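Participant: Listed below are the residues making up each chain.
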Amino acid sequence: MNLITKPLKTSRTGVGKERILRFFKDDRGSLSVVIIGLFFITVASLMVMSDVATVLVAKRSLAQATEAAAQQGVHTLDKSAYYTGKGTMFTLPLALITHRDHSPVPIDCNRAVVDVMIELHNWSNDNTSMKRHELQGIVLTDMNCDGVSLEISTYARVKLPFTVPFSNMNSAILTATAGVTNQVQEGLYLFGIRVH
Amino acid sequence: MAIGVRSFAHRFRIINQGMCSRLRQENGSAVVEFVALAIPLFIPIFMYLNQFASVSGNEEIVRTMVREGLRAYVASDSDHAGREVSAQALTVIANHLGLTPQEIETLSARYECSENPCFSANGRIRLTVSYVDAQSHRIIEASAQEHISPWM
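Line order of the protein sequences matches chains A and B. Each step along the first sequence adds one to the number in our numbering, with nothing skipped, and position 17 is 17. So the mapping is simple: our numbering equals the position in the second sequence, first residue as 1, plus 1000.
FYI, nobody ran anything at the bench for these hints, they're computed from the structure. Keep in mind that a hint or two might mislead.
Said to hold, decoys possible - Covered by chain A, per the in silico footprint, the following chain B stretches (three or more residues, Cβ under 8 Å):
(1) 1012-1020
(2) 1081-1089
(3) 1105-1113
(4) 1116-1129
Stated by the list, open to error - Within a straight-line C-alpha distance of at most 20 Å, the following computed DMTMM-like cross-link-like pairs (lysine to aspartate or glutamate) qualify:
(5) A:Lys159 x A:Asp126
(6) A:Lys59 x B:Glu1033
(7) A:Lys59 x B:Glu1141
(8) A:Lys25 x B:Glu1033
(9) A:Lys59 x B:Glu1060
(10) A:Lys159 x B:Glu1068
As the list claims (entries may be wrong) - Here are a few chain B residues that sit away from chain A, every Cβ distance over 10 Å (derived from the structure):
(11) Arg1006
(12) Leu1037
(13) Ala1038
(14) Val1092
(15) Asn1095
(16) Asp1133
(17) His1137
(18) His1147
(19) Ser1149
Please read these numbers as outputs of a predicted model, since none were measured by experiment. C-beta atoms are modelled at their ideal positions from N, C-alpha and C, and glycine is treated no differently.
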């Protein structure tokens, strides 16, 4: 029984081997493999490109929110610092003659923190077109206030439209920093009306 | 008559054989494969790319416009001057960023103020700028908010 079946088996395997070898040597359909491979590479790069574009647009939105918060913070006047010193009838003529620069408007740093946080909270909870929807809560990470200028740093997590291929990355962290100072608008004012 | 029919049949057979042998040949099969596979796969990708680029570009443009338009308003002296300067800034920026005249015509700016009159000290102003994209006919919109100086 074994003597009969063995040669048959070997001949069948020989045919199978030949077929497989012929299949691999055959050029037909080789282009399909290349095209499908290229297609997957293109789709993967497209996903990465979409993610990068989303991050860039979200970064602009975060920078805008940070600037708005910094500007709101700098609007807090430190009255005690502002009204120190004594102005005499010679103060203005002397300043005009010597072209002395007006001293910067002092900022109340304690109130500035609160105002900055309120403004960032407003931007974070906005559901209109003011903030990109991919941008999640904006967090204040650092604030430097020296009494005349203010610098704030924020960060926010941005949700990516596609998970980055071959990784588990589906969000990114963005940071933004803005610095602001107050400058007095030079001019001659009479009863609140700018004459010159 | 019978000879004519025979010669026609003979010719037809020759043409048929030629066609069959031509179809059996592998010359040019790569082109057919490419057209059949690559075009259906890649055309949607190009369409998506085009749409995505357009949406991203428009988003950048409208965000720049709203930001600069609002700065122009907030930094001005009065409500009237602010609206004038802001409108001018929006038009100039739209021209520079490559918006078409039709798109500039559809440009609109909406002000929402926390105080009345709008240009009041410490008042909060939100500007929303929108326009219609000429290609996709989508409405592109963005808004920004700022506070007016308390010492105006």
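Participant: Which constraints among the numbered hints does this structure fail? Numbers only, ascending.
Facilitator: 1, 2, 3, 6, 10, 12, 13, 18 and 19
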